[in-house]
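Chains as they are written, first to last, in our numbering: chain A, 5 to 332; chain B, 5 to 332.
No lab work stands behind these hints, which were simulated from the structure alone.
There's no promise every hint is true.
Since the list gives no way to pick one copy over another, a pair counts as held whenever it fits inside one copy or between any two copies.
Unchecked claim - In silico EDC-like cross-links for lysine to aspartate or glutamate, where the CA-CA straight-line distance does not exceed 20 Å:
no., residue 1, residue 2
1, Lys112, Asp123
2, Lys124, Glu87
3, Lys128, Glu29
4, Lys112, Glu177
5, Lys112, Glu87
6, Lys124, Glu29
7, Lys72, Glu149
Protein chains: 2
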Amino acid sequence: MICVLTGGTGGAKFVDGLRQVMPPEEITLVVNTGDDLMWWGLYVSPDIDSITYVLSGLLSRERGWGVKGDTFLCLQAMGQLGEPTWFHTGDRDLAVHLLRSRLLAEGKTLSEATSVICDKLAVKAHILPMSDSRVETRVDTPIGELSFEEYFVQRWYQDPVNSVRFAGASDAEPAPGVIDAIVSAHAVLIAPSNPVTSIGPILAVPGIREALCRAQGKVIAVSPIVANAAVAGPAGILMAAEGLPCSIAGIARAYEDFLDVLIADTRDAGAAEALRGNGLRVQCTQTIMRSAEDKMALAKTVLSFAAAGLLSDKPAARAAAPFGSVND
Amino acid sequence: MICVLTGGTGGAKFVDGLRQVMPPEEITLVVNTGDDLMWWGLYVSPDIDSITYVLSGLLSRERGWGVKGDTFLCLQAMGQLGEPTWFHTGDRDLAVHLLRSRLLAEGKTLSEATSVICDKLAVKAHILPMSDSRVETRVDTPIGELSFEEYFVQRWYQDPVNSVRFAGASDAEPAPGVIDAIVSAHAVLIAPSNPVTSIGPILAVPGIREALCRAQGKVIAVSPIVANAAVAGPAGILMAAEGLPCSIAGIARAYEDFLDVLIADTRDAGAAEALRGNGLRVQCTQTIMRSAEDKMALAKTVLSFAAAGLLSDKPAARAAAPFGSVND
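All chains, full assembly: derive it from the sequences and hints.
Put into structure tokens, the structure is as follows:
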């Protein structure tokens, strides 16, 4: 089993590659729920949705979120009723929000609702919310504290950021299966997701960071920062707000207590060399995922490092076999 | 002010005519909510929706329900998630259900939620649910008791009907404004709706039947039965189950304690003559509404009888003036 910590569009792209190069039923995903919001009275979990759509083949790859080929007539009608429309919920997409909301209203946990939806969509990988408790990412800005989706989607991450906090985290528990998935996995992969608001909320749930420190497999992160800039989104701004340099060194520092291997882009070869001086294993490869081939290639490479880590006294070429061949 | 008791597709057609021949702001509609259902976790009020769509010009006249030009992608996606799809909720239509459900969840009454939605859709007529309490039409059949929508939509009203009851009615109160609208109206019109399951639930709310008996204006019903058959739907079956003949005499009996004028189809001229023998005023006109012109003509005719009733000691021709001219 491989365990993947993920959130955001970078995470979804990485998982899209991964599901194509290894059996999905051997993947457990621990997904950020800090972005979850009540929208039109429905419970929406953007990162769980994206991962569910990726794994069911429904994700719109053009947009990177929502259902491919979706329409937005309900959204348009909501606008005509004077309701907010800044969070773009498609007509097909609404079905998942409706079903999840009904299951939650009936008393099911978010884990249970996620499992029902995954079964219905024939998702074979195991999607776990980081927690069944409500943990809300709050972004403090000069205009006040915003939810992550308000900051990111409604306001296009244009506000300066003072700090980020995870409301409710201290009282939250990891969802059932999360700790075991991390501790017992052959390898734990941290997707190229924003370390502050995609992976940060997961790490803020008491017990998860400790589980990563005692994980039996190697913990391998793919850097979402390439050449001192975020591949997409506000990772750089948010890292700066949290006192982390916007560089692979910043990523290494965010995960320093549990990280075994950092996978950086080949453009960061120099920075990688400097980091290695500090004792961390840093591997460079092509990390930008533009095409389906890029995604699969990155997934294969990461899995080969995972296999090498697993069987560190054996040659990497042999160790790579269970995870498929490596193409670079 | 004119007060209209309505429900079902016959009622919606009648209101569609009425709104075009008199100022909508002078119409108060008391609408059946016995068909209301929880659907996909949302509160759906089919008759309030139809009347709202009629009055905002959004109703699909082809289907007689829902929003014109609507699509059904969410419905399709719900089917793929294994959820029921027998109640056809369109993508645009969903917006109203979402908004109403949110307003109810926030503690608003059905009257208040209806008023908000009407404001947003620039509906000038006053739509009142018959009650803010839950009154549920239950249809007893050999396979068990069904909700009205289960009986009517899901099972195509194919089941024999033993009886009909209105669960919750005895504890219900008329919604704010209902009694006053009935008592003080210049005329109360009963739309050509099913007397058992469209008008019956309204009459089952304590106080409404009494208000009709003491209404200051004339109470005028348009028969939904023509030539001993329902114009559409299961009215005949349901009337038989309630011991009412499927005829204009059955309609007269259903409303006998408060009815001043019964408007029957010209095809029922013979039956009308027999009824007149019992002291009821019965007027015959063309009541089948196939075209927009039919709807307006029926509305004008009914209003002319209302005006005649209002000013019974004056010639009908003069009395008709405030309501527009009569075309037959």
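Outcome of the hint check:
1. Lys112 / Asp123: Intra 15 Å, inter 36 Å, cutoff 20 Å: intra-copy only.
2. Lys124 / Glu87: Between copies only: 10 Å across, 30 Å inside.
3. Lys128 / Glu29: Within. Shortest intra-copy distance 5 Å satisfies the 20 Å Cα cut-off; inter-copy 57 Å does not.
4. Lys112 / Glu177: within (16 Å within a copy, 34 Å between copies)
5. Lys112 / Glu87: This pair counts as between: shortest inter-copy Cα distance 16 Å, intra-copy 28 Å.
6. Lys124 / Glu29: within (15 Å within a copy, 48 Å between copies)
7. Lys72 / Glu149: Neither: 33 Å inside a chain and 41 Å across chains, both beyond 20 Å.
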